[in-house]
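Since the structure of chain R is provided, determine the placement of chain G on it from the hints.
Spelled out, the chains give:
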Amino acid sequence: MNVAIVKYNAGNILSVTYALERLGVSAVVTDNVELLQKADRVIFPGVGEASTAMTYLKERNLYNVIKTLEQPVLGICLGMQLLCSFSEENNTPCLSVFDESVVSFLPNGTDKIPQVGWNTIGEYGSPLFNGLAPDAYCYFVHGYYAALGPDTIATTHYILPYSAALQKNNFYGVQFHPEKSAAVGEKILQNFLDIK
Amino acid sequence: MLAKRIIACLDIKNGRTVKGVNFENIRDAGDPVELGAFYAAAGIDELVFLDITATNEKRKTLADLAKKIAAVINIPFTVGGGVASIDDVRVLLQNGADKIAVNSAAFKNPELVSALAKEFGSQCIVVAIDTKQEANGEWYVYLNGGTVATKTTCLAWAQEAAKLGAGEILLTSMNHDGTKAGFALDITSAVSKAVAIPIIASGGGGTMAHFEDVFTKGAADAALAASIFHFKEIEVHALKSYLLDKGLPIRL
Chain R
12 MNVAIVKYNA
22 GNILSVTYAL
32 ERLGVSAVVT
42 DNVELLQKAD
52 RVIFPGVGEA
62 STAMTYLKER
72 NLYNVIKTLE
82 QPVLGICLGM
92 QLLCSFSEEN
102 NTPCLSVFDE
112 SVVSFLPNGT
122 DKIPQVGWNT
132 IGEYGSPLFN
142 GLAPDAYCYF
152 VHGYYAALGP
162 DTIATTHYIL
172 PYSAALQKNN
182 FYGVQFHPEK
192 SAAVGEKILQ
202 NFLDIK
Chain G
385 MLAKRIIACL
395 DIKNGRTVKG
405 VNFENIRDAG
415 DPVELGAFYA
425 AAGIDELVFL
435 DITATNEKRK
445 TLADLAKKIA
455 AVINIPFTVG
465 GGVASIDDVR
475 VLLQNGADKI
485 AVNSAAFKNP
495 ELVSALAKEF
505 GSQCIVVAID
515 TKQEANGEWY
525 VYLNGGTVAT
535 KTTCLAWAQE
545 AAKLGAGEIL
555 LTSMNHDGTK
565 AGFALDITSA
575 VSKAVAIPII
585 ASGGGGTMAH
595 FEDVFTKGAA
605 DAALAASIFH
615 FKEIEVHALK
625 SYLLDKGLPI
635 RL
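The listed protein sequences correspond, in order, to chains R and G.
Under my numbering, the first residue of the first sequence is numbered 12, with each subsequent residue one higher.
Under my numbering, the first residue of the second sequence is numbered 385, with each subsequent residue one higher.
Wrong hints could be hidden among the right ones.
What the hints assert, rightly or not - A partial selection of chain G residues facing chain R, derived with a Cβ cut-off under 8 Å:
| no. | residue |
| --- | --- |
| 1 | A454 |
| 2 | G480 |
| 3 | T563 |
Everything labelled a hint here was simulated from the structure, so no lab data went into it.
Predicted model only: the values in this text are computed from it and were never measured.
Backbone N, C-alpha and C define an ideal beta-carbon position, used for all residues, glycine too.
Next comes chain R alone, as it looks inside the complex (with noise of 0.2 Å):
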């Protein structure tokens, strides 16, 4: 299986690619055009600042690269909130491939922002939770989330509910990091891989 991971400027991509070898799985990092379409899967993982990371993916042509590409997909946390519409983040129009909008938690007294840690997943709705006992814990540090919305294929609960997981065609994304995600994490990343 090809593998390739987006290069751009977010960071811990170290760590899927790790998390991919542990799986038997060498993959490349990446920002050639030609490697990425070319490849049996593509993972745009990211941790850091989405306006940043917009502008960055533009400059480089990867904005329409990464929209047009037929193979599975899988955004993992920044990478995720980037595919979809628009992020609040220093209000920043994203790829718009999935509908939702990507908001900042609201402090309601009690709850600490950002979520930091271990939070559980349910509702799943796609071969990428198969196997998966409910309300698997899952590791997330995010300050903005993705609204629920028609491509949620997983809520999680953090001050409110909201997308753990949304699919749209060939596209996936987590907000949670399944890299760090112990061996709930690594079913995960294998059921993308395995994916028909």
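Showing chain G alone in chain R's frame:
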């Protein structure tokens, strides 16, 4: 529901785990990578690797270590110990660390915290505070591994650090550290309520009930311990089962 986190801390010197650990199930308990993997498999929620080496070679050693850990471990980990600059942090993050702990350097140069938050995002910046309650009842910040006193209160520094963009606070009570008499509930709770970022309580955990107390009475978001895990006085899975039974949100 967001789980309360249990964190194991490994002290590293010259690339090796210190605080004599004794495990039957692993080949080399002195190897931080192997010990970390053991804890990850046992269900720990996060790991903290604290380098206590004092040499110029340290930065490279720590970066190499981060890379080895990232290759093997499938849960989040924090690296710290003598981190003093944006470059230090960049190298560690590029080598796979999820978060970086800064302590004395952040206190001496608070602008470092805002610079790091801006450059890398608050989510990966942990401000570690060593604090000690003195005779007047007030909790003060201590630096350089607890050897240098300051006149700044723990609460004041925690609030400033949060304002500067720290993503979490790792709060160690020097009065409680190593006592196994329980966490410092009062200061942990005071800091947790005063700032809007997660608090990791450290120092004093000796029984399972102490962990329950620090989450309920201490309002901690996470609890960290070292030797009680290393010496198997408390097993991670048993601790988490206990806390779950007590009604706390825990990942098992």
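Quiz item: Under the criterion of a CB-CB separation shorter than 8 Å, is G:T563 in contact with chain R as hinted?
Solution: 27 Å, violated
Quiz item: Can G:G480 be said to touch chain R, with a Cβ gap under 8 Å?
Solution: 5 Å, holds
Practice problem: Have a go at the G:A454 hint: is there a Cβ in chain R nearer than 8 Å to its own Cβ? | Solution: 5 Å, holds
In the structure shown, a violation is registered for the earlier hint numbered 3 alone.
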